[in-house]
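Protein chains: 4
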Amino acid sequence: MTADDIDATSPEAVFSRGRDVLARQPFSVLIGAELAALTPGQCELHVPITDQIRQQHGFVHGGVVSYAADNALTYAGGTALGRPVITSEFKINYVRPAVGSRLIARARAEYVGRTQAVCRCEVFVRDDAGGEKLCALAQGTIALLPQRSSKR
Amino acid sequence: MTADDIDATSPEAVFSRGRDVLARQPFSVLIGAELAALTPGQCELHVPITDQIRQQHGFVHGGVVSYAADNALTYAGGTALGRPVITSEFKINYVRPAVGSRLIARARAEYVGRTQAVCRCEVFVRDDAGGEKLCALAQGTIALLPQRSSKR
Amino acid sequence: MTADDIDATSPEAVFSRGRDVLARQPFSVLIGAELAALTPGQCELHVPITDQIRQQHGFVHGGVVSYAADNALTYAGGTALGRPVITSEFKINYVRPAVGSRLIARARAEYVGRTQAVCRCEVFVRDDAGGEKLCALAQGTIALLPQRSSKR
Amino acid sequence: MTADDIDATSPEAVFSRGRDVLARQPFSVLIGAELAALTPGQCELHVPITDQIRQQHGFVHGGVVSYAADNALTYAGGTALGRPVITSEFKINYVRPAVGSRLIARARAEYVGRTQAVCRCEVFVRDDAGGEKLCALAQGTIALLPQRSSKR
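Quick note, the sequences are listed as chains D, P, H and Z, same order.
So the first sequence is numbered by my numbering: it starts at 1 and just counts up by one.
So the second sequence is numbered by my numbering: it starts at 153 and just counts up by one.
So the third sequence is numbered by my numbering: it starts at 305 and just counts up by one.
So the fourth sequence is numbered by my numbering: it starts at 457 and just counts up by one.
These are calculated hints, taken from the structure and not from any lab test.
Backbone N, C-alpha and C define an ideal beta-carbon position, used for all residues, glycine too.
All clues stand as given, with none of them false.
Sample of chain Z residues at the chain H side, in silico, Cβ under 10 Å:
#1 L478
#2 A479
#3 S484
#4 V485
#5 T506
#6 I509
#7 V516
#8 S522
#9 D526
#10 N527
#11 T530
#12 T543
#13 F546
#14 K547
#15 G596
Negatives, chain D to chain P, calculated, CB over 10 Å:
#16 A13
#17 G100
#18 K133
Throw the hints in and build the complete structure from the sequences for me.
And the structure:
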């Protein structure tokens, strides 16, 4: 929901900074999320599909798909704005059950203003053969963290 | 993302059936979700707040808040439609960082048609004193599972 | 999309102020929208159903239903925040074709923060007998107008 | 909200069929909407900016921007599914006030299933110099019209 301080300047710094943030998110660590790529305004987040993230039919739980979209959107918006942000809202359309070996969320900032970024994300599921299938599409608003709360 | 077979008739049966479904969702078990109440068209889902579901600032991760909303919406819609369903889409607005002892998602079906239900959900965070604060609002579409996939 | 200066203090002033704003919206005048009620955080907007707002099957065009929701959400949020606002985003679920004599959008602010309000709206269609049927549900974010643009 | 019978086969037929549908939408005619391009799964809808579609600050009313997105999404989904459809839901993020000479909504089907299509749309405003600026982004669900209602 927040990806603060991803305000590093060099590409390497942005990526390593993003990984530090993910490593400090106990929930992301719990489900094994990995930051595959991060540049200002763009993010690719992976979640290896293990039994623990499934629902009763063996598909990845929708909540995990929405987590992946939420987090990827926040990274894309946070790096685009270059300052501490918070995810204000997002919507997601599920189009296919997530069955495969890896969940891949790709997000980008489509509009970057002074105080917010509107980002979009597609979540794919990759099978063992490396093929990818779209399983969800999301769109949301990433906003600068109100000053009051950004003190840390 | 799906809450199938919650088609039991008696209130007790609906609730116990709902608990069975939750118990068969490895991800829900992983984060300790509890079904507090379930009647046709209404659901209350709890998630005790533990360190493992937090993000880097100690708040509950937005992905967990969206999971709670997603799952509660699905239960509300599934029990309203009385047949296997799937969450087609939803949107969520985060309004306050989730800090407290328990996440509480309350959802209800606002419209129930022949093939879909439109549901709304509010996610609250309860503190140790029992006080509740709204932290997110969601709205989404729960649809009957396409026949093809509903065979089990 | 914006409902500025609805910062009057007395109930009467809020309502008459709101009507002034509507009267200054050429598009709202074009389709005959009427402000039926307005109090801080709550709004009821009507649109008499005439042939000019229909689509090819005689139903009210979805774009008019979304206009009614958008405008009602903005009034609810603008009066709740008491300062110039802008509609940042909203989502709408259409649940029934709008057939009747009058479109009625009722919106309220569900959460009011320092810089934004999250509002919900239901759009009903009233028939000649006075009966009402729900035809759409919406949820959106109304935000304070950035200072820069609020100069007029 | 519905764009039925856009099931023509040749590109020319799809486009002329789409124009017929628009011409039969009194509301679209009222605000002067024009179908600039239509191919299976893709649509470009224009709305010349005239005083009658503005709000109180001279910007195009958000309701007209949402109408353009709604209609473009429906055309994209309807031509992708090739059968009578209905817009189930959509969300829109406004990113910039619409000021210019022409509103341009471009939509495409991002996912096409057996019973629904998930589409995205960007709404731009074109100025007299021909430059375009993004003013809104939308995403929504276009579904096949329930058989019951598709008889005409």
